[in-house]
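Since the structure of chain A is already known, use the hints to place chain B on it.
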Amino acid sequence: MKLFEHIKDINKRVIFVLIALAVAIPLIFKIGLPSKVTKEVKQVYQEIDALEQGSPVLVSFDHEASSLPEIQPMAEAILRHCFSKDLKVLGLALLAEGTAIGDEIMREVAEEYGKEYGQDYVFLGFRPQYIAAILGMGEDIHRVFPEDYRGNSTDELAVIKDLNNYEDIPLIISVADGDMPTYWISFAGARYHQSIATAVTAVMATSFYPFLDSGQLVGLVGGLKGAAEYETLIQKPGMGSKGMDAQSMAHLMILVLFLLGNVTFFMGRKKKT
Amino acid sequence: MEIGTLIAAFLTLCIFSFLYKDNPFYKFAEYLLVGISVGYFLVTAINTTVMPKLILPLFRQGNLVYLIPGLLGFLMFTRFSPKLSWLSRISLALVIGAGAGVSIPAVMQAQIMAQMKASMVSLVSINGIIIILAISTTLIYFFFSKEHKGWFGGTAKIGIWFLMVFFGATFGYTVMSRVSLLIGRMQFLLGDFLGIIK
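Protein sequences appear in the order of chains A and B. Heads up: the first sequence begins at 1 in our numbering, then just goes up one per residue. Heads up: the second sequence begins at 1001 in our numbering, then just goes up one per residue.
Simulated from the structure, these hints should not be mistaken for lab results. Hints may contain errors.
[To be verified] Interface residues of chain A toward chain B, partial, derived using beta-carbon atoms under 7 Å:
(1) Leu21
(2) Ala96
(3) Thr99
(4) Ala110
(5) Gly114
(6) Gly118
(7) Pro128
(8) Ser186
(9) Arg191
(10) Ser214
(11) Gly223
(12) Ala250
(13) Leu252
[As the list claims (entries may be wrong)] Simulated restraints, written as ranges between beta carbons of each label pair:
(14) Met1164(B) to His6(A): 24 to 34 Å
(15) Val1043(B) to His6(A): 48 to 58 Å
(16) Val1050(B) to Asn11(A): 17 to 27 Å
(17) Asn164(A) to Gly1073(B): 21 to 31 Å
Think of the CB as a built atom: it goes at the ideal place given N, C-alpha and C, for glycine as much as any other residue.
Extracted from the complex, chain A is given alone in its bound form (with noise of 0.2 Å):
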C-alpha cells in the first residue's frame, strides 16, 4: 500500500528519465523486434511498383522542420523506392519549412542511385496558396513552375519539359505533418480523378484513414512505423527500422505507467470511501 502512495507522489522527472532510458538503451543495444507491414502501406509499395520505368512521379513536401523525425524516414524509403524503379521524380513543397529540407532529401537519395538532376528527378520549389497552387497544376505545371528550385527554365529540364498536367502524372504523393493531404484529395483527386497517396506523420493517420476507405487515397505511411515497414518492403533497412525497437520500448514504459498510475487512483479513492 506504501508503494502506490509513492508513486502517488512521484516527481514527474524520474517519469521523463524513465521514457528517456526507454529510448536510448534500444538505441545503443538493438533488441531486434518484429515489424509486420500494413496492407495500406502495401498499398503505396504496390502502387509504385506498379508504375512503368519512366513514369513520373510527383512528390510534394507538405511539412515543416519540426516533423523531420518523422518524416525524412518515409520520405526517404519512397523516393528510394520511386529511383530504384527508374521513375522520375518530380518535388515540390506547398509549406515554406519543407522547401530546403525536400531538395536536401531528394538531392541525397538521387545520389546513392546515381540519377541525374534535370535529367531523372527535379525540385520544382515552393508555391504559397496552396489550393491555387494544386488546382493551376490540373491545367499547367509550367505555369504554376515556370523555374525550379535552381532557378532552370521548366522548359528545357527534359525530366518535366514534355509534362503538362496531371493527365501525365500517375501518381501524387503527399508527404505532410498536417492536412495538406485533404487538399490533394479534393482538388487533384476529386477535380482531376488523379491517383494520391500520403506519408504522413502519426498524429494525422487517423484523419485519413475514412479517405482510404473510401478509394480517395490509394496508400497510407504513418509516421516512423510506417517508415519501418516501407523499408522492410524495399528490403533496405533505414532511420525507420532503427528507431522501431526504442518505439516499441517507449510505448511499453508509458503503458506500465498508465496502468500504475490508474490502479494507485482507484486504490486511492477506495481508501477514501
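Leaving out everything else, chain B in the frame of chain A:
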C-alpha cells in the same frame, strides 16, 4: 565534429532543459526557433512569390496587369492604419469570395459525397454493420434538438462510445508521433553528437 552538429546538439539540450524547469536556455532556443521560422518563411515567400510573380513581371517585363494584384496585396497593409483599414476589406472580399467559390464544390465532392458513398455499405459483413451503427449513433449524439433521454439518450450513449474509440486511437497515434520525435533527437544526440550509435 562539424560546427553545425555542435550548435544543433546545444539547442536540443537547451530545449530538453525545460523538462527540469523553465530557464533562460530554453527561452533562448524557443525564441530562436520562432525567429528563424518567420525569417525563413519571409525570405522564401519573397524569393518564390513576390519577386517572380510581381516585381519582375512589373518592372522588368513592364506588364502593367500585375498592378492590380499588387495593389490588392498592398491594400492588406492598410489594416495597420485604423483610418484606412476598411480598404483591406476589398482584398479580403476577393480572397474569401474566390476561395469559397473554388473550395465549396471540391470539398462537397471529396469530403461529403464520396465519404457518404463509402459509408453506404452492405449490411452483410460485420464491418458494414459496425460502420452503419457507428455513423447513425454518432450522428444521433450530435442531434441537439431533442433531449437525450430514453431510447434516444441510450443510442446517443452508444455514439459516445464510438467517439471514445476514435479519440483513443487518435491519442495512441499522437503518443507514437511524439515518441518518434524524441527518437529522432536521441538518434542525433547518441549518433551524430556522441558517436555512441551508428
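Evaluated hints:
| no. | hint | in the structure |
| --- | --- | --- |
| 1 | Leu21 | violated, 10 Å |
| 2 | Ala96 | holds, 4 Å |
| 3 | Thr99 | holds, 6 Å |
| 4 | Ala110 | violated, 22 Å |
| 5 | Gly114 | violated, 24 Å |
| 6 | Gly118 | violated, 19 Å |
| 7 | Pro128 | holds, 5 Å |
| 8 | Ser186 | holds, 4 Å |
| 9 | Arg191 | holds, 6 Å |
| 10 | Ser214 | holds, 3 Å |
| 11 | Gly223 | holds, 6 Å |
| 12 | Ala250 | holds, 5 Å |
| 13 | Leu252 | violated, 11 Å |
| 14 | Met1164(B) to His6(A): 24 to 34 Å | holds, 31 Å |
| 15 | Val1043(B) to His6(A): 48 to 58 Å | holds, 53 Å |
| 16 | Val1050(B) to Asn11(A): 17 to 27 Å | violated, 51 Å |
| 17 | Asn164(A) to Gly1073(B): 21 to 31 Å | holds, 29 Å |
In terms of the numbered hints stated before, the structure departs from hints 1, 4, 5, 6, 13 and 16, listed from lowest to highest.
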